[in-house]
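Please construct the entire structure, taking both the sequences and the accompanying hints into account.
2 protein chains.
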Amino acid sequence: MNETLDKLRLARTEGVGPITYRRLLAHFLTAAAAIEALPGIARAGGRETPPKIPSSREAARELDMVHALNGRIVFTGDPDYPPLLNLLPDPPPALSILGDLAALHGRAVGVVGARNASANGQRMAEALATDLAARQLVVVSGLARGIDAAAHRGALHVGLTVAAIAGGLDQPYPPEHATLQAEIAARGAVVTEAPFGTAPQSRHFPRRNRLIAGLSLGLVVVEAALRSGSLITARLAQEANRELFAVPGSPLDQRCRGTNDLIRQGAHLTEGADDVLANLPDDPRRLGLARNPLFAHDAGQLSDERPLWEAPPDPEIDIGAAQTNILALLSPSPTDLDDLVRRSGLTTGAVSAALMQLELALRVEFMPGNRVCRL
Amino acid sequence: MNETLDKLRLARTEGVGPITYRRLLAHFLTAAAAIEALPGIARAGGRETPPKIPSSREAARELDMVHALNGRIVFTGDPDYPPLLNLLPDPPPALSILGDLAALHGRAVGVVGARNASANGQRMAEALATDLAARQLVVVSGLARGIDAAAHRGALHVGLTVAAIAGGLDQPYPPEHATLQAEIAARGAVVTEAPFGTAPQSRHFPRRNRLIAGLSLGLVVVEAALRSGSLITARLAQEANRELFAVPGSPLDQRCRGTNDLIRQGAHLTEGADDVLANLPDDPRRLGLARNPLFAHDAGQLSDERPLWEAPPDPEIDIGAAQTNILALLSPSPTDLDDLVRRSGLTTGAVSAALMQLELALRVEFMPGNRVCRL
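Residue numbers (the working numbering), protein chains in the order written: chain L, 1 to 375; chain R, 1001 to 1375.
If you're looking for bench data, these hints aren't it; they were derived computationally from the structure.
A few of these clues could be false.
To be verified - Chain R side only, calculated, beta carbon under 10 Å to chain L, not exhaustive: (1) D1100; (2) A1102; (3) A1127; (4) R1153; (5) P1248; (6) L1252; (7) C1256; (8) H1268; (9) L1269; (10) D1275.
Claimed, not checked - Some chain R residues near chain L, calculated using beta-carbon distances under 8 Å: (11) R1115; (12) M1124; (13) V1247; (14) Q1254; (15) G1266; (16) G1272; (17) D1274; (18) T1324; (19) L1327.
Cβ coordinates follow ideal geometry from the N, Cα and C atoms, glycine included.
Printed below as a string of structure tokens:
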């Protein structure tokens, strides 16, 4: 129980992102030891004030509130952690969950699309979700207005559906979907990365989108304008090697330009559940699972390589020089980690160690899709 | 002039299809000589009554009527014959044409689709045709209600459009498109395989569809239900190695199921003229131009091989036995010519000679797409 509290404290510490969380636990073995080491690491990264680590009491209060809703918090490494999500290079350290954990362990398909969807688009999403649920697939979506809500509703009374949300478990959004969220929790699951009590803000939605993509074997986009949020979810799904599906529509309807473009780029043209089932793999495609060079241990699960951080530290590395080198290469717009390693001329291990310190010092931030940016 | 009349008589002879027409002319050099030889060839194929060859007067009357409308008849081998059509394995021997021959020599795109098209589908077809015409492409269609008419209208006042029709030049179909046909003839061209005076019947439409496909570098299908005529045109276009384009639409609209399926099978998803222009080749794809084994001389234009029928006749061939062999292999449903040659165990030359006699004897018929069937 103490270890659970410490994991939650670590996960909720400012500057501890998914990658640093995993690296700290891998290195220090327990969350308690990692918490003890945090101030020193942050200082080495150039941070003057120590990182704000929640107290055990604060963590216990969050846990209590989640439990009061009959919810749970699961951590990466827990056997209950959603296995598909765990294949991401940067799985969220702590997931707050209402409902049936089994819904997060099944074969799942994301169904997303425009909030201002057409009546036809909503009808399509609902029918598709019903058919997918009837064929034992879990339907994952984002609880938004329009396509998302139609997808949840289509699946609700037939099978399992999962809502990934941007705010805390106690903050359904949009507010008029509070009842829908409760129904989903009763017959499926509601999941979020956000701490209890977090009011959803626009900056939380990319993480919500990444959850939808990461929890699913494939993603169906039903209606989406060009440059819309659903296309960002589609990009995240593709980066996570999930299958991409799109429902075609009239070129005269702006809400179909995004989905048509996805098809043009290779997404499976989807008119119904058959198109999804015919192209849904048993697992995400293997290729690229280990794309994040800082997570070569994912490749290690496939081959026999040892995780990089288990290698003895290289006494030659000047960590301060590495940090300076890396900061010079980064900017506020995200840089690909592969590029960074290549352009730095440093070893992956050196980049990894330097970035962890810099993240804890709040000088860099890891972004979804193997990217990092300077703050 | 006499040779023109004789060509028309030969082309209008019962049992003389496109392939036999070309082979006869290649062998006998003039239409007059071929006409003289016809009864003997038909008899050798097992026909008891001689083939019905139109008289010179009948042919002259047809020519006069076409000329009275300011039309022309062009034959395969004429310099005016549409060059893209000439790349088919079985180009129609005689084309009756109203309007501007230049329209049949430009870079052309077919735009076809459902007769019972939606308002949106017609709007799409019209806008697409306008944009294609504005970019110097000739828009080819079939004068039908719905998509066809919208495509012609969209192109009419911007550039050139060509109507391929099923009946004679004097028989616009549907009748309410008589004015549209006249407008097209005045600013583009109207073309048909059918003799003057032919009332269009359903059996003429496959040839009309083949004209649309054969006259175009690519074919755009705007709205089409599954198993509709537009999909047959699409298949013909594909067999002629033309690019295939399809406009996507809502899966809830039956009129889009055919176009969506074309996209699923590899047609270019098309939202506008840009999609067409980006994928339109300068020439039909070379591969497969010589697929018809009886027309290896098309390959001969690419390489240096001599046409098969210029080879000295093989004295070993028992033409009667070859005919019996071939008839046993054929049935009323079309058989692929490649298959036929392979399964007969005969040389291509023997199959070719036997089929020509059998066609003239009205015992077999060549079908679009390298197929032959028993009558």
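For this structure, which hints from the list above don't hold up?
1, 2, 4, 11, 14, 15, 17, 18, 19
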